[in-house]
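Visitor: Note that the protein sequences, when read in sequence, are chains P and Y. Going letter by letter, the first sequence gives residues 1 to 257 in my numbering. Going letter by letter, the second sequence gives residues 258 to 512 in my numbering.
The reader is advised that the hints may include incorrect statements.
[To be verified] Simulated coverage check for chain Y against chain P, where a stretch passes if three residues somewhere in it have a Cβ under 8 Å from a Cβ of chain P:
1) 300–311
2) 384–395
3) 465–471
[Said to hold, decoys possible] Listing some non-contacts, in silico: residues in chain P with all C-beta distances to chain Y over 12 Å:
4) Ser78
5) Arg105
6) Leu118
7) Ser186
[Claimed, not checked] Taking beta-carbon pairs under 8 Å as the criterion, some of the chain P residues facing chain Y (in silico):
8) Ile16
9) Ala93
10) Ile129
Just so you know, the hints here were simulated from the structure itself, not pulled from any lab data. Glycine included, C-beta positions come from ideal geometry on N, C-alpha and C.
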Amino acid sequence: MQNSFYKWIPDWRGWILPIVVILAWDAMSRLDANHAYAFASLGQIWAGVVELSRSGELLVNVQASVQRALTGLLLGASAGFLVGSLVAVSRTANILITPIYHAIRQVPLLGLVPLFALWFGNGDTSKLIVVSLSAFYPVVLSTFEGMLQVDHKFQEVGQVYRLSRWQIYRRITLPAALPQIFTGFSLALAFAWLSTIGSELLFTAGAGLGNLMMNAQEASRMDVLIIVTFVIGVLGYGMSLLIKLASNHLFKWRQVG
Amino acid sequence: MTRDWKQFFPFLISPILLLLVWWWVAAAGWYADDVLVSPGAVVATLEELTANGELALHLKASFFRLLTGFGLGALTGVLFGIWMAISPRVEAFALPLFQGLRQVPTIALIPILILLLGVDEIFKVIIVTKAAFLTVALAAYDATKGVSKNYFEVARIYQLPKTTLYRKLIIPAITPPVFTGLRIAFSRSWTILVAAELLAADSGIGQMMQLGREMFRLDVVMVGVVITGLVGFSIDKLFKWAEIRLIPWQPAVKA
């Protein structure tokens, strides 16, 4: 898998299909007036890039979206870590929290949008709640499972040394579960980015790449839509790459053996 | 049986408590109807929407889109995934584009698709197809790539015909992971469909919720939330059940 993933980069054959798609797209836009309306030509797209960067529109909205995703990630992941730890450590908490967690999780996140719109309005609060929730779910699960999978022998050693419950958690359970918690965290980042865009499409008020897209759609600006979609993909990829690098760096000790 | 019940019962405590608190707060009348409705009102609305056939109509519209889109996407996805894994040429040509497309969340494609296709039925089917295709194709690709090279070598030594190779080796080997991919793809398809219907639709469960939101009918929105949750849950359970039935050589189902 990994081998094949790196092998394709210098392979010229991989460039053909994307180039064909782009050229076909460009050709469609030149076909007639009707098509020019739906498909934006390469020239139009480039003009759009210049326009969006000159007016600063792109930067403002990128900033708003990235900030929203990261804030939501921080809030949701912290809450998820706390709840996951609590459920893993305490049986009572497990019995009380798990059923409600699983019940709420069944609802598709964006399906909650109309409900949040009625409760918290159309703006930033609702969006932040959606994004935080999307980051919350996977971190709860990975924290809980990571901590359950820690070998009991380690915790028994802690008991033999008469460590307190807090010490066992802090010195043994948490470090052992950390890699898996981090896996949940990187999932949470992907979900947070996705739900940032989704919530910005669905809640109309405020700045963000999703809102920029909705406006562009209403104005039939295909060039802007293409640019923004591309930017969303690149930003998402960049963030997940950063997380992967951080994970490799943080958990170097784990790769051994 | 009784022991199962005893183990199971504590897990009902908090949901029951939550329902009681909800009911009690709603009955106390502290909040307006568009902020909090009682569980009773939600049930009454559910009954009303069921009796006048509205709910069935919306569900039918949603299921049609879901099944058509998922069917198309899953079928082509499995075939394409296997093809890309088996043929080095296809892999060299298609994988980079495939990996690139994967970086864009499906939901971000909604505005482009609306502009290209309008808000008609075809748009909703296509967006579901896209969500299902990418997920399933990736699962099939990874699964086929994961089949041990040794098996292929043995097959070559025995000069196994191509059809036998597929029937006896590849298909049994990749069925469990592909099935997991199908399950994940189905729940993603459902999520994306609900989002698409919230944005642009004249029918469907998402549109029902959107109308409820616009008319400040919290009870209708709540019914929608419960129904979408139940549908997602049932689909997931159905897939897990089928996984056990259809794949006897797979010992246990992962979470």
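Visitor: With reference to the structure, classify each hint as holding or not holding.
Guide: Hints, one by one, checked against the model:
| no. | hint | verdict |
| --- | --- | --- |
| 1 | 300–311 | violated (count 0) |
| 2 | 384–395 | violated (count 0) |
| 3 | 465–471 | holds (count 4) |
| 4 | Ser78 | holds, 22 Å |
| 5 | Arg105 | violated, 9 Å |
| 6 | Leu118 | violated, 6 Å |
| 7 | Ser186 | holds, 15 Å |
| 8 | Ile16 | holds, 6 Å |
| 9 | Ala93 | violated, 10 Å |
| 10 | Ile129 | violated, 14 Å |
The structure does not agree with the numbered hints 1, 2, 5, 6, 9 and 10 stated previously, though it agrees with the rest.
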